[in-house]
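Undergrad: Each chain, written out:
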Amino acid sequence: MNEDHTTEGEVILKGVAAAPGISTGPAYLYTKQVPQIQAKTITPGETAFEIERLRNAVARSQKELTKILTFAEQKLGSESAKIFEAQVMILGDTILLSTIEKRIADEMKNAESVVVDEISKYRRLMLAAPDEYMHERAHDLDDVMNRIVRNIQDQKLVSRLEGEYVIVSESLTPADTVIFSRNQVLGYATDFGGTTSHAAILSRSLKIPAVVGLRSATRVLRTGDSVAIDGYSGLLIIRPSEDTLQSLERKERRLREFEERLTELIDLAAETKDHRTIELSANIEFPDEVDFARSQGSVGIGLYRTESGLMRQGQYPSEDEQYECYRTVAERIYPHPVIFRTFDVGGDKVMPDAYEEANPFLGWRGIRVLLDRPELFLTQLRAILRASVRKNVRVMFPMVATLQEVLAAKAYMQRAMEELKTLGVPFDASLKMGVMVEVPSAAIMAEQIAAEVDFLSIGTNDLIQYTLAVDRDNDAVAPLYQQFNPAVLRTIKMTIDAGHRRKVWVGMCGEMAGDPVATMLLVGLGLDEFSMIPTTLPEIKKIIRSIRLRDAKRVAEKALTMTTPEEIKSYLSSVLKGCIPEIPLES
Amino acid sequence: MIECTVTIRNKTGLHTRPAATLVKTAARYKADFFIRKNAVEINGKSIIGVMTLAAEEGSTLDLRFEGPDESEAAQAIVDLFERGFEEH
Chain A
402 MNEDHTTEGE VILKGVAAAP GISTGPAYLY TKQVPQIQAK TITPGETAFE IERLRNAVAR
462 SQKELTKILT FAEQKLGSES AKIFEAQVMI LGDTILLSTI EKRIADEMKN AESVVVDEIS
522 KYRRLMLAAP DEYMHERAHD LDDVMNRIVR NIQDQKLVSR LEGEYVIVSE SLTPADTVIF
582 SRNQVLGYAT DFGGTTSHAA ILSRSLKIPA VVGLRSATRV LRTGDSVAID GYSGLLIIRP
642 SEDTLQSLER KERRLREFEE RLTELIDLAA ETKDHRTIEL SANIEFPDEV DFARSQGSVG
702 IGLYRTESGL MRQGQYPSED EQYECYRTVA ERIYPHPVIF RTFDVGGDKV MPDAYEEANP
762 FLGWRGIRVL LDRPELFLTQ LRAILRASVR KNVRVMFPMV ATLQEVLAAK AYMQRAMEEL
822 KTLGVPFDAS LKMGVMVEVP SAAIMAEQIA AEVDFLSIGT NDLIQYTLAV DRDNDAVAPL
882 YQQFNPAVLR TIKMTIDAGH RRKVWVGMCG EMAGDPVATM LLVGLGLDEF SMIPTTLPEI
942 KKIIRSIRLR DAKRVAEKAL TMTTPEEIKS YLSSVLKGCI PEIPLES
Chain B
8 MIECTVTIRN KTGLHTRPAA TLVKTAARYK ADFFIRKNAV EINGKSIIGV MTLAAEEGST
68 LDLRFEGPDE SEAAQAIVDL FERGFEEH
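If you're matching them up, the sequences are chains A and B in order.
Going by this note's numbering, the letters in the first sequence line up with residues 402 to 988, in that order.
Going by this note's numbering, the letters in the second sequence line up with residues 8 to 95, in that order.
Hints in this document: simulated from the structure, not taken from any laboratory.
Backbone N, C-alpha and C define an ideal beta-carbon position, used for all residues, glycine too.
Hints may be right or wrong, so weigh each one.
[As the list claims (entries may be wrong)] Below are the DSS-like pairs computed for lysine-lysine, each with C-alpha atoms no more than 30 angstroms apart in a straight line:
no., chain 1, residue 1, chain 2, residue 2
1, B, LYS18, A, LYS464
2, B, LYS18, A, LYS811
3, A, LYS522, B, LYS44
4, A, LYS522, B, LYS18
5, B, LYS31, A, LYS503
6, A, LYS674, B, LYS31
7, A, LYS464, A, LYS503
8, A, LYS441, A, LYS464
9, A, LYS811, A, LYS833
10, A, LYS978, A, LYS954
11, A, LYS674, A, LYS954
12, A, LYS674, A, LYS894
13, A, LYS468, B, LYS44
14, A, LYS522, B, LYS37
15, A, LYS468, A, LYS674
16, B, LYS18, A, LYS822
17, B, LYS31, A, LYS522
18, B, LYS31, B, LYS18
19, B, LYS18, A, LYS503
20, A, LYS894, A, LYS970
[Stated by the list, open to error] Some residues of chain A that are not near chain B, with every Cβ distance over 10 angstroms (derived):
no., residue
21, SER424
22, GLU486
23, ASP494
24, LEU526
25, ARG538
26, PRO718
27, LEU779
28, GLN815
29, MET818
30, GLU819
31, VAL889
32, HIS901
33, PRO917
34, THR936
35, LEU961
Throw the hints in and build the complete structure from the sequences for me.
TA: Following this line, the structure appears as structure tokens:
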């Protein structure tokens, strides 16, 4: 299995930075342990003993899972801990357990072989189902099955590690991430997964460096190999040389000192030296992230991804479930505002309706799905409206390509308001509505769209992909995904100018908003609001507080005269270095 | 023995929570309770079984009750389906 294992020299694996931080230490190769099972025939006299083993194992498993739940609730909040609900319920399934006990007695087989055989039956059925939700549940079954078997065999929980390790694994479940964090985990490195996977989000909340998408880490590494994980640049370095270690150490010290100084800024306003105030807000997807976002200095929530947290069970949540979630977020951020983005499913995002498309990014996604599913859309709008009673709730529509879509979405909002009015349910009748500008046609029509709404928010990830016709997850063309492409800069400028002509504010909630190299340019272009992942907020605030609007405008003007992404990026980097020499920039 | 057919009305289908409600309700009765969907039959008192059904809105399930209080059990379970597990 480990045929690609290397034994000599420094090897650098490039992945995707998922949680910031740098650490070095031994690797711990975590392979999902499928316990070794030997089917044994037992004698009638042994059945009582075998059933006793099963019962003890189930009791121990329940205890373990309860511990994980409690720990997850403490560290992450009850909302995030709900992902362990299904496993708890399966362990308490008395029919399942009595069937297993009966089979042990009838078939005279040892406990673990019957456990595996019985649970595998359900597992096969789940894996045969077409939808992703059932496949996820099959993983829950695996976890439960392995947990019971391990306890029958009296083995220790692997997550109890002696010493400190960088955990290297093909992929990590939220449960793995949480359990391992009880030890002194130095970092998480996985072959698969993206920055928005649950495990990545949990690592960030737990403040443990993580790199995902390394592809071959589990093949080239063995437990005990020395590694360095760089969660800023997305690198895993195997057998780092003395030089590498020293330079990483310097980088870490520099970044840590920089970060420590940033914390002093948290309560200060994001204001340029010549008093232009910029709104800084956070992109989040769970109610429990609100406090973290506030602690990083965000004023409001500029993008709440309603699909991520609520859709994890693989289906659209009910109106009440949604309302509970939105109300919690609105209350926690009050008196500051929260912008709920209506379900943005399709593309690469999970959608409960199994629907195969040849070209999902150009297919049925975002507002298109909502307009085709009035009931779904109205349910969500009612839930958001019900949460708006304290007047700090805003709503934003994703993947808008035409003005007609904006008008149609507004009409549904009107209808949702009327429905609530008829029922006598209170809501904020002056609730502000906005549109995400992430399709070039929306940027081109930004002025007409702005005339219909209260704000625009530029979603750079999709806007860049559609403007340049580049799928950044496709390795063959990924280098062509350039956020400093002059065409991208012009599209952003066009959108901001159009919004301002119509007197609406223009924000940005894509990754570019959290890129320090872009900050001066965006301030100079007149962007009113920056919304980003919470961890990058202090650094962006530091930049804003170090510059003058006047200079930023000049920088933006000059950048717009340049014709290549390389030229623009290096110009912006050098200007930034000039303002803040100590800023740590990736080369 | 009582046999009947129900259609899932709640939007989210028999996912984790409704599955739990169904199992808890069934457990109150002595009667055995089985659910069949397509070719698969599972014990309706078992959460792992109900989860496995992957029953979505609109799917049809055949229910079978057998035991001393089978009519009460059938009444309570069918009622649950008709009310869409009280999801709105």
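Undergrad: Please go over all the hints and tell whether each is borne out by the structure.
TA: Hints and how they fare:
1. B:LYS18 / A:LYS464: violated (34 angstroms)
2. B:LYS18 / A:LYS811: The given pair, whose Cα atoms are some 25 angstroms apart, holds under the 30 angstroms limit.
3. A:LYS522 / B:LYS44: With a Cα-Cα distance of about 16 angstroms, the restraint between LYS522 (chain A) and LYS44 (chain B) holds, given a limit of 30 angstroms.
4. A:LYS522 / B:LYS18: holds (27 angstroms)
5. B:LYS31 / A:LYS503: The given pair, whose Cα atoms are some 22 angstroms apart, holds under the 30 angstroms limit.
6. A:LYS674 / B:LYS31: violated (63 angstroms)
7. A:LYS464 / A:LYS503: holds (24 angstroms)
8. A:LYS441 / A:LYS464: holds (27 angstroms)
9. A:LYS811 / A:LYS833: Holds: LYS811 (chain A) and LYS833 (chain A) sit about 11 angstroms apart, inside 30 angstroms.
10. A:LYS978 / A:LYS954: Distance ~17 angstroms between LYS978 (chain A) and LYS954 (chain A) Cα, so the pair holds.
11. A:LYS674 / A:LYS954: Distance of about 13 angstroms is within 30 angstroms: holds.
12. A:LYS674 / A:LYS894: Measuring from Cα to Cα gives roughly 23 angstroms; hence the hint holds.
13. A:LYS468 / B:LYS44: violated (36 angstroms)
14. A:LYS522 / B:LYS37: holds (26 angstroms)
15. A:LYS468 / A:LYS674: Given pair LYS468 (chain A), LYS674 (chain A) is violated - Cα atoms ~50 angstroms apart, limit 30 angstroms.
16. B:LYS18 / A:LYS822: holds (24 angstroms)
17. B:LYS31 / A:LYS522: holds (23 angstroms)
18. B:LYS31 / B:LYS18: Status holds; Cα separation ~20 angstroms.
19. B:LYS18 / A:LYS503: Not OK: LYS18 (chain B) and LYS503 (chain A) at ~37 angstroms, beyond 30 angstroms, violated.
20. A:LYS894 / A:LYS970: Roughly 17 angstroms between the alpha carbons, so the hint for LYS894 (chain A) and LYS970 (chain A) holds.
21. SER424: holds (37 angstroms)
22. GLU486: violated (6 angstroms)
23. ASP494: violated (5 angstroms)
24. LEU526: LEU526 (chain A) is in fact no farther than 10 angstroms from some Cβ atom of chain B, at 5 angstroms.
25. ARG538: Non-interface label fails for ARG538 (chain A): nearest chain B Cβ at 6 angstroms, not farther than 10 angstroms.
26. PRO718: violated (7 angstroms)
27. LEU779: At about 13 angstroms from chain B, LEU779 (chain A) clears the 10 angstroms cut-off, so the statement holds.
28. GLN815: Its Cβ never comes within 10 angstroms of chain B, the nearest being 22 angstroms, so this holds.
29. MET818: holds (19 angstroms)
30. GLU819: With a cut-off of 10 angstroms, GLU819 (chain A) remains clear of chain B, as the shortest Cβ separation is near 18 angstroms.
31. VAL889: holds (40 angstroms)
32. HIS901: holds (42 angstroms)
33. PRO917: Non-interface label on PRO917 (chain A) holds, nearest chain B Cβ at 42 angstroms vs cutoff 10 angstroms.
34. THR936: Holds: least Cβ distance 32 angstroms, greater than 10 angstroms.
35. LEU961: holds (49 angstroms)
Checked against the numbered hints above, the structure breaks hints 1, 6, 13, 15, 19, 22, 23, 24, 25 and 26 and satisfies the rest.
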